[in-house]
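J.: Protein sequence lines correspond, in order, to chains A and B. Mapping to our numbering: the first sequence position 249 is 249, numbers consecutive. Mapping to our numbering: the second sequence position 253 is 253, numbers consecutive.
These aren't lab readings, by the way, just hints derived from the structure by calculation. Check the hints yourself; a few may be wrong.
Unchecked claim - Dumping the calculated EDC-like pairs for lysine to aspartate or glutamate here, alpha-carbon to alpha-carbon at most 16 Å: (1) A/153 - B/205; (2) B/102 - B/45; (3) B/118 - B/90; (4) A/153 - B/207.
Everything numeric in this text was worked out from a predicted model, so none of it was measured.
Single-letter residue listing:
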Amino acid sequence: MEIITKLLTETFGLQLDNTGQLVAGGLTMALIMALVMATCAIVWTWAERKVAGFIQSRYGPMRVGKYHGALQPVADMVKILGKEDIIPDDADKPLFVLAPIIIFIASLLPWAAVPFAPGFIASDMDLGLFYIFAVSSGAIVGILMAGWASNNKWALYGAARGAAQMVSYEIPLALATIPVVMRTGSLNMNDIVIGQQGGIFHWNAFHDPFLFVAFMIYFISSIAEVNRGPFDMPETESELVAGYHTEYTGMRFALFFLSEYANLFLVSCIATAVFLGGWNLPVGNAVVLPGLVFLAKAVLLVLIQIWIRWTLPRLRVDQLMHVCWKVLIPLSLLCLLGSGILLMVSGEIAA
Amino acid sequence: MSQKLVDSLKSEFGDKIVSVNNSCGDESVLVPGDSLPAVLKYLKESESCEQLTDVIGVDYPERTERFEVNYLLRSIANKSRINVKVAVEEGMDIPTVSDIYKSANWAEREVFDLYGVKFRNHPDLRRILCHHEFEGHALRKDYPIEQGQFLSTPEKLIDDIEYHGGAFRADEVEGEDNPFDLLNVNIGPSHPATHGALRIEVQLDGETIVKAKSEIGYLHRCFEKEAEDHTWSQVMPYTDRLNYVSSMLNNCIYASSVEKLLGVEVPQRAQIIRVIVSELSRIIDHLVCICANLVDIGALTNYWYFYNIREGIYYDIIEPLCGSRLTTNFARIGGLSHDLFDGFEDAVEKHLQKMEVAIKEVTGLIARNRIFLDRTVDVGVLTTDEALSYGYTGPCLRATGLDYDVRKHAPYSGYEDYKFDVPIGENGDTRDRIMVRMEEMYQSASIIRQGIQKLTPGPIALDNASVSLPPKESVYGSIEGVMNQFKLISEGIKVPAGEAYGYGEGANGELGFFCVSDGTGQPHRLKVRPPCFPIFSAFDEIIEGLMIADAIAILGSINIIAGELDR
Numbered sequence: 001m002e003i004i005t006k007l008l009t010e011t012f013g014l015q016l017d018n019t020g021q022l023v024a025g026g027l028t029m030a031l032i033m034a035l036v037m038a039t040c041a042i043v044w045t046w047a048e049r050k051v052a053g054f055i056q057s058r059y060g061p062m063r064v065g066k067y068h069g070a071l072q073p074v075a076d077m078v079k080i081l082g083k084e085d086i087i088p089d090d091a092d093k094p095l096f097v098l099a100p101i102i103i104f105i106a107s108l109l110p111w112a113a114v115p116f117a118p119g120f121i122a123s124d125m126d127l128g129l130f131y132i133f134a135v136s137s138g139a140i141v142g143i144l145m146a147g148w149a150s151n152n153k154w155a156l157y158g159a160a161r162g163a164a165q166m167v168s169y170e171i172p173l174a175l176a177t178i179p180v181v182m183r184t185g186s187l188n189m190n191d192i193v194i195g196q197q198g199g200i201f202h203w204n205a206f207h208d209p210f211l212f213v214a215f216m217i218y219f220i221s222s223i224a225e226v227n228r229g230p231f232d233m234p235e236t237e238s239e240l241v242a243g244y245h246t247e248y249t250g251m252r253f254a255l256f257f258l259s260e261y262a263n264l265f266l267v268s269c270i271a272t273a274v275f276l277g278g279w280n281l282p283v284g285n286a287v288v289l290p291g292l293v294f295l296a297k298a299v300l301l302v303l304i305q306i307w308i309r310w311t312l313p314r315l316r317v318d319q320l321m322h323v324c325w326k327v328l329i330p331l332s333l334l335c336l337l338g339s340g341i342l343l344m345v346s347g348e349i350a351a
Numbered sequence: 001m002s003q004k005l006v007d008s009l010k011s012e013f014g015d016k017i018v019s020v021n022n023s024c025g026d027e028s029v030l031v032p033g034d035s036l037p038a039v040l041k042y043l044k045e046s047e048s049c050e051q052l053t054d055v056i057g058v059d060y061p062e063r064t065e066r067f068e069v070n071y072l073l074r075s076i077a078n079k080s081r082i083n084v085k086v087a088v089e090e091g092m093d094i095p096t097v098s099d100i101y102k103s104a105n106w107a108e109r110e111v112f113d114l115y116g117v118k119f120r121n122h123p124d125l126r127r128i129l130c131h132h133e134f135e136g137h138a139l140r141k142d143y144p145i146e147q148g149q150f151l152s153t154p155e156k157l158i159d160d161i162e163y164h165g166g167a168f169r170a171d172e173v174e175g176e177d178n179p180f181d182l183l184n185v186n187i188g189p190s191h192p193a194t195h196g197a198l199r200i201e202v203q204l205d206g207e208t209i210v211k212a213k214s215e216i217g218y219l220h221r222c223f224e225k226e227a228e229d230h231t232w233s234q235v236m237p238y239t240d241r242l243n244y245v246s247s248m249l250n251n252c253i254y255a256s257s258v259e260k261l262l263g264v265e266v267p268q269r270a271q272i273i274r275v276i277v278s279e280l281s282r283i284i285d286h287l288v289c290i291c292a293n294l295v296d297i298g299a300l301t302n303y304w305y306f307y308n309i310r311e312g313i314y315y316d317i318i319e320p321l322c323g324s325r326l327t328t329n330f331a332r333i334g335g336l337s338h339d340l341f342d343g344f345e346d347a348v349e350k351h352l353q354k355m356e357v358a359i360k361e362v363t364g365l366i367a368r369n370r371i372f373l374d375r376t377v378d379v380g381v382l383t384t385d386e387a388l389s390y391g392y393t394g395p396c397l398r399a400t401g402l403d404y405d406v407r408k409h410a411p412y413s414g415y416e417d418y419k420f421d422v423p424i425g426e427n428g429d430t431r432d433r434i435m436v437r438m439e440e441m442y443q444s445a446s447i448i449r450q451g452i453q454k455l456t457p458g459p460i461a462l463d464n465a466s467v468s469l470p471p472k473e474s475v476y477g478s479i480e481g482v483m484n485q486f487k488l489i490s491e492g493i494k495v496p497a498g499e500a501y502g503y504g505e506g507a508n509g510e511l512g513f514f515c516v517s518d519g520t521g522q523p524h525r526l527k528v529r530p531p532c533f534p535i536f537s538a539f540d541e542i543i544e545g546l547m548i549a550d551a552i553a554i555l556g557s558i559n560i561i562a563g564e565l566d567r
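Extracted from the complex, chain B is given alone in its bound form:
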């Protein structure tokens, strides 16, 4: 993190900075709510903090200013991060920063939805994850976790367009006088192209999308609320269900986030295995994303060319490794659940070779295909600046030409020891997004091969009785082992009080876990920063003016995984 940013803020804002804090190496400054826009504007313009990674609410019921809103900012150019905090009393509001960072729009809506913190002058302050009729705010500590609500009425987004959009009238559409020519159509929540449950209400002029408004939350399973009710270790299986296409990545990044808060480092072998399985997951995720996207465009055959590879990796590598295909639950805080099985290296090499053949086949089918190029080139273009403002990370950001990759930018799990390139695109259109993913699979394969070269025998979990479970011989053979196991399982790992934002390069962008511990065995707050969430928030703007078919192709290329989007 960056002391420099803190110093710069101190000199610029002086006594407006209430306090400066450093937890696990993450710098944070507490500022009064009213000076927040000024601080963020300064950071954006003078300190080139291009990106607002996330806005995170935390509830401290015992404080007078019970809500703390964290604005995670990042400067890609200076490789630094800072966390700007604001404390809010119940019923008070703070000014919105959605005019400074576009990613704040949805992120603030989420804080409003889950905590009830109001944002002054927010353009569209509605609930986002919970149902619009939901009463109360789900992540407040005083909202009982068992309390369900029966809600059934669908939200009428199109009324919202007229109400919230205000100025929108049909006759503003170019060359169109008759408002009755516009047709409102719901794409989703159950539609073949939504790959999950999302709803996009579009207003169509013929086939052209005049206005679009999307609604998410259909797959909201209260991940964060559940996490607060479980021990740190028990959260691990829940992370499988975030991005269920690449659950290994979620496991590993979650584990390393908690380890950051614990201040421990896992053994060398565990790190290498984490890198290998993470890259395997990345390959699987990209395979699925590309093949599903091509199906959306109409090229069905590619689906099987890629899906066969994915299933091969699942059945021959992932399942023998951890017993299940999708819900891997493989990493552990402080290490891994299992060591590699015999023959792992050969199986991986076999499937990597198959994968390379499949990529060649699919590239051959699409790379110079006129129909494919017509459908994807210059469709759904997002410039680097806009992408940064919307909080894009991962392949979608790299497609616009910026080589931001967490693995290079802020290496973790020993990524600095691997040689690999970061592929980037040029235009930020659908084709670039597909091709960046294609190229990344080659790079991942190279990382996996290097990782297998590096593998040396050794422990796969920390030898630390307060973090890792004791070996089974000790549990069955000694009273200390039984006690140790019992304490760790029933009370959880006692993570010291503090907060840390751990993040890594997920398949679809930066996946982060903002962990707040109060010293008990359970998280006080565990916020996931899913890469899809900011990416999807730009979707409405991208597709306006395009045709339905383009919207479908773009939706596939930005790879929305509803499980991660809605949590």
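So here's chain A without its partners, still in its complex pose:
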């Protein structure tokens, strides 16, 4: 944010007091973030289709735009904006309308604490990591609202599954990041990234075996948290028709869709920042093109998630809960214990 305010005051010659700086800087940052995120989500829909096509020995979109259907997302957006917006007669209208908005907001808010590059963070708050988990849980409310308000049994089942799954998987997700917080001694996202300077073995994921397992737990849980295959229980198009958004059409459906991709990118960005050294290069202490390095890592993680989605069959809902409560949570607690002991023994513990 400092960069933005600097830019505003120095380049555009705006005279701003502290509050003005905060407001103008914040608004500009929010605008940039929202635009970037929405664009990313749209680009990801295209990327997912191309990667899926590559995996499935077909082409994916090829017609719109000159190069490999590059303008397909734009065409999709135009189409989806022109679609009829249907609200079922028996739906609970206020909730029905509100649900996609809540989910979309819940997928926008966490971006405020994602550190893309030194100084390039919308809000450098001390509780960054905590804030991210807190606001992204709002999506659960949205999913429940969508499922309930649709007045459709499939949607209700999707919502119930979604709520159970997201509430459950938030636990290993958060537990897996606690060893990192202990090592860094801070919840501030910037501090977490800076604490990983000095090459690949200073990155949290590769620092010690416990943290590596924690990273794996985080990665698996994050796929479940964003409801993607093989954990796409709330949708399961072959079982629940389309899950909680069965009754949604047009732009409202697009909001669900976009927030799914925004969340996909978000969890990858968080994994990058918390476990994979953020903008730090694998060797040396130098900071070179930090934003690009950060994005490269996040994109790699997204691609892996797409790869997993198109490779694995889907779990059954009870097996999903089994994985969470009987495997991931005990494992993450063990990691917590293990890395705590390691910190004490090595004397690295933050006082």
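Using the hints, position chain B against chain A.
T.: Quick look at chain B alone, frame taken from chain A:
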């Protein structure tokens, strides 16, 4: 067929056997309705007739006892079959045998639906193919074929559960006191996993299916009624629409059933080509079944690995062979419609190799995949005995560990000359059903290669003017040819009066055609015995107590093709 069974029945029941008949090698005994359960029980217990293949009604309006109900029984152990007949007067009823053979439940419902024959003590005697508000009985000869009925109200199956099930109350569910916790959900008729139009009404406790009831008939297109209104040859394109995934198989088995009734045998080359295209169809059917099943389980990518192969076979082999992909209409009574095209052998070999690569890829993705195994192993288990009682045949029966394959058991079209194995499963669960199909594709490929080796030039149709159409030169060049063509097309093949049950190994099990001819050019009765029908009748029982996701996976693995199920 088996003279031994007839003798045994004669010695056991003596004068209760009204008459014994042999038509085209099929033995049948006529028994009075009241002694039917005793006869069937005896056959099942003493003569190891494990399976009731089908129950078939035939209407003879001129007789006093106008309806004849045929019970086709099979002993897999003794490789014998027998047809037990019962004659029923209009308005009279006969005792049900659904307590002896579970497959009789749906089969009797069908006879009731289409002919109005009532079965005493049947547990659930409702219409099955026709709409529940339908008036009259569609297959009676006095029901006019043009008479349509406008019916719109959906059937409330859940009321039926309470009414017909009688004892079912929510509080019988273990650990569940509150009846309001159970939710009724319709899976289908339009649902992504039903692959056709079926409806399964389930009563859910959370995600667990407490009670299930399925309804079929959404795709009923009156195949059998239409067949009675067409000549034997005109029925051929209709058979394409039974199991539309493997229509070649339907064509070939239908043709060979009518040939059985005619008492003719097609030339060697036609037989080999029939075997080759049948096995190609079987491969296509298995590819589609497995890939769709995997999509139901959530493994989407496998779909394209298999579907690309299927489309390759369709575009490069089936379409050049007969001009269309799905509705092949390839076989003819007495032979085939076309000979093979140039380069057929190379095209087949190319696609078989591609198929083997694809099977390896898909097996690699699923065979040791933990999620796949968790989803399929020990899910939807059916024991061999139950499967036999329900009338299972084909891969679903073999998955339970019994190696019943019509191609080995009662070879037709020269299958006895081919070397191939019959893969079997162990547990009869979803995984076994998938893996049996995988292995069968390799075996089919081997049969196709052997068939191509055997191919020698020769005629592809019988040289018999009363069965096969004359060659085009003769039609355009001579008056006899024109007359011959005209008679065969307008009057149909004059199949001698009699009845025959012709059957073969369809992709999904035993596909049979029960043909009754009265000597005119049109079938008096043509009953299809679709493999799906008995298989699906067990579905409710299999899925009760499992979860929705399991039900979907099982539905895919038993490969229900609605076109064949509903006819």
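J.: Are the hints correct? Go through all of them and say.
T.: Verification of the supplied hints:
1. Between residue 153 of chain A and residue 205 of chain B the CA atoms are separated by roughly 13 Å; this keeps the pair inside 16 Å, and the hint holds.
2. With a C-alpha separation of about 15 Å, the suggested pairing of residue 102 of chain B with residue 45 of chain B holds against the 16 Å cut-off.
3. Between the alpha carbons of residue 118 of chain B and residue 90 of chain B the distance comes to roughly 9 Å, so the proposed pair stays at or under 16 Å and holds.
4. At most 16 Å may separate the alpha-carbon atoms for a hinted pair to count; residue 153 of chain A and residue 207 of chain B meet this at roughly 12 Å.
Consistency note: the structure conflicts with none of the earlier hints.
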